[in-house]
Amino acid sequence: MKSFKGYLIESALNLALPPDVRSAIIDAGGKIYQVGGAVRDEMLGKVSKDLDLLVVGVELKDLAKTLTRFGKTNLVGKAFGIIKFKPKGSDEDIDISIPRIDSKSTGKGHKDFEVKLGKGITLQQDQLRRDFWMNAMARDIETGEIHDIGKKGQTDIDNQQIRVIGERAFKEDPLRMLRAIQFAARFDFTIEPDTMKQIKKNVNLIK
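In the numbering used here, the protein residues as written are -15 to 191.
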């Protein structure tokens, strides 16, 4: 199978998650969304190398059991609700996750979070734990519908700005401040004024 990297969203999705795999997930009670960079890049008219998928409505162990019928699964990201899935005939892993809620960091490393997982967590709850509004959009792979809370992601892309989600975002993960700068440079966007104030206020948290 050809690598899905460099393909547009539909081609990438069909290569990485064939229709029979999607049907099995849906039959198990799951709803599948593309999330993160792929949706953002589609809005920007760019080809994306990201193909992060979110499955709402199933427990992690049940999703892994379903996927194992169609390829190799790796639960290295189990603590964060992430499965690495390599479809039969493919030489690339894709990340498939279930919704999660990140609580306050419990240690010095940015990965030390209290994480809540489960099929009871909604798409919107997962969106709200992300870093910036432009990265919080989700695309229903069956209908193509874009789920964008208050159209804030689309607004920020239209205004070419980076805007953080929530007042605690940088305290929970200080690396998000560096990500804001990286995205601004990468897309030639500005950092929204209130977001910049929060960066200046919390910059001492970057060690």
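Honestly, I wouldn't trust all of these hints.
Simulated crosslink set (DSS-like; lysine-lysine; CA at most 30 Å straight-line) [claimed, not checked]:
hint, residue 1, residue 2
1, K15, K103
2, K45, K30
3, K62, K103
4, K72, K136
5, K62, K33
6, K100, K185
Because the hints were derived from the structure by calculation, they are not lab data.
Hint-by-hint comparison with the structure:
1. K15 with K103: 11 Å, holds
2. K45 with K30: Violated, at about 34 Å.
3. K62 with K103: Roughly 14 Å separates the two Cα atoms, so the pair holds.
4. K72 with K136: 38 Å, violated
5. K62 with K33: Given pair K62, K33 holds - Cα atoms ~23 Å apart, limit 30 Å.
6. K100 with K185: Measuring from Cα to Cα gives roughly 28 Å; hence the hint holds.
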